[in-house]
Amino acid sequence: MQTFTRRQSLALAAALAAGAALPRAALADTKAEAAELIKRFADGKEPMKSTVTLDLPEIAENGNTVPLSVKVASPMTAQSYVTDLLIVADGNPNAKTAALKFSPLSGKAEASLRIRLAQTQTVTALAKMNDGSVYMDQKVVKVTIGGCGG
Amino acid sequence: MKLPFAIAAALLCASVVLAGADEALKGIPAPPGHVFKTIYSGYQFRTAKTRALQDDDMQNPGFLAIDRAADLWNKIDGAAGKSCASCHGTAEDSMKGVGAKMPKWSAALGKPVNLEQQINICRANAMKATPWPFKSQALTDMTTFVRFQSRGMPVNVQIDGPMAPWFDKGKELYYDRVGQLDLSCASCHETNVGLHMRADLLSQGQSNGFPTYRLRDQRLIPLHERFQGCMHDVRAVPYEPLSDEFLALEIYLAWRGVGLPVETPAVRN
Amino acid sequence: MAENKPRIKLPKEAGKGEIVQIKTLITHPMESGQRKDADGKPIPRKIINRFVCEFNGKPVFEADLETAISANPYIEFFAKVEDEGTFTFTWVDDDNVVTTAQEHIALKA
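Chains as they are written, first to last, in the numbering used here: chain A, 245 to 394; chain B, 158 to 426; chain C, 1138 to 1246.
Distance condition first, Cα-Cα at most 20 Å in a straight line; then the derived SDA-like pairs of lysine to any residue:
(1) C/1149 <-> B/215
(2) C/1173 <-> A/362
(3) C/1160 <-> A/313
(4) B/261 <-> B/276
(5) C/1146 <-> B/220
(6) A/352 <-> C/1153
(7) B/206 <-> A/303
(8) C/1153 <-> A/319
(9) A/352 <-> C/1160
(10) C/1160 <-> A/299
(11) A/352 <-> C/1148
(12) C/1183 <-> A/338
(13) C/1142 <-> B/229
(14) B/206 <-> A/364
(15) C/1142 <-> B/231
(16) B/206 <-> A/366
(17) C/1160 <-> B/220
(18) C/1146 <-> C/1245
(19) C/1183 <-> B/375
(20) A/352 <-> C/1189
(21) C/1173 <-> B/375
(22) A/283 <-> C/1201
(23) A/345 <-> C/1158
What the hints contain is simulated information worked out from the structure, not anything from laboratory work.
Just chain A, with the same shape it has in the complex:
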């Protein structure tokens, strides 16, 4: 039987609170939501546009299944490693896409997923290091409507 750990309960509560606080309707509001998520993750720091490489297609074959890869150049030793990685999409109904956690046991701070993109938008990947520094990369993905009934 699965019970929530305390950490999961706190994360869930925080997510619910965040959800309640941020309206999600038009594209403009999701951009604001995305910016807010980035600001919170960066915790007062200005994310540096380096070290992180976000790989996404320029044009998605289909917005329902878009392959995403992200890698962070880090030695991943106990002295210097990526702790968290946040992926945010500013044109989706829900801007938060995934939050990844690494440790020195990861060996490499690299992961691949498949995501949904509702429309052409900017996807941002932010990485936080154990010393608190924050890096990021962004990609614009064009999402089109298919020809034959989508």
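Could you slot chains B and C onto chain A? The hints should help.
Okay, now just chains B and C, sitting in the frame of chain A:
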């Protein structure tokens, strides 16, 4: 939506130019009497990233179905107390090449049968089990699993002898304009191959990869469901899955792809 | 519902300190909650919201997943192998349905 029918004649040529393609399409010579000189799998018309999804058995979501069906193959089901394995042993051996030749003639029924129908015939007759409904996960999984045993083998459907009238009917249906939009299969998949319809790149509409994992639907789609979708999209009343019409069309369509490798489970848009 | 068997690929053995690639794939509709059914009623959200990989009990990689993750989630990541041992993989969905799997890895001599 405008379709450039005016340049139909010019498009009936062997070379296909893709907007933004960075490599030549890899096709094979078409069977004799074919309208094309070269035929191409739908694989060739997808982006590199989509092809990569198909090529990696770990990334290809169709393999979740294959794992499920592999278990189902060994599962005893029905009043006869048998599983598929009871008669057919190991699928890798007994089913090798079977999917590449479907639909095939059934002397018992006096008509062709496709893979879905044959699976249900086995279930009803040999296993005394309830046939699986079309589009059910079990039937789609098992169809995928059986056809997968022919992966890489060339499509080779029989079109002579008793199959001939079915082939002719299928050809007639292929070129039949239907629906409010008054389009036939050929309108897109023969006349306008390599062109875009909105953002969709039109392929030759081959069936060598079915059942196919469609990124749009995020599940495996059997061929007759795709036929229904196309007919629906031209605003025609679709024929029923496993109907004689779709069976005839499946036969004709298989012939249009003779020689192409079976790619089940393929990944397409 | 029948047991949901995930697909997992990683090497059977690794050198000490070697970094191995792990690929996972699991069946799940990842219903986003954005879709409506034929009657226009919203289809409730039901997704896998968490994935954890541990090695000999220690966390290697974790992911909190949201509604933008495609159906049949594919998750690929890496792990540094210092000892022989067991990887455990856990997927948790919104209804607290938990799927787990284990894979053993040996150290090359």
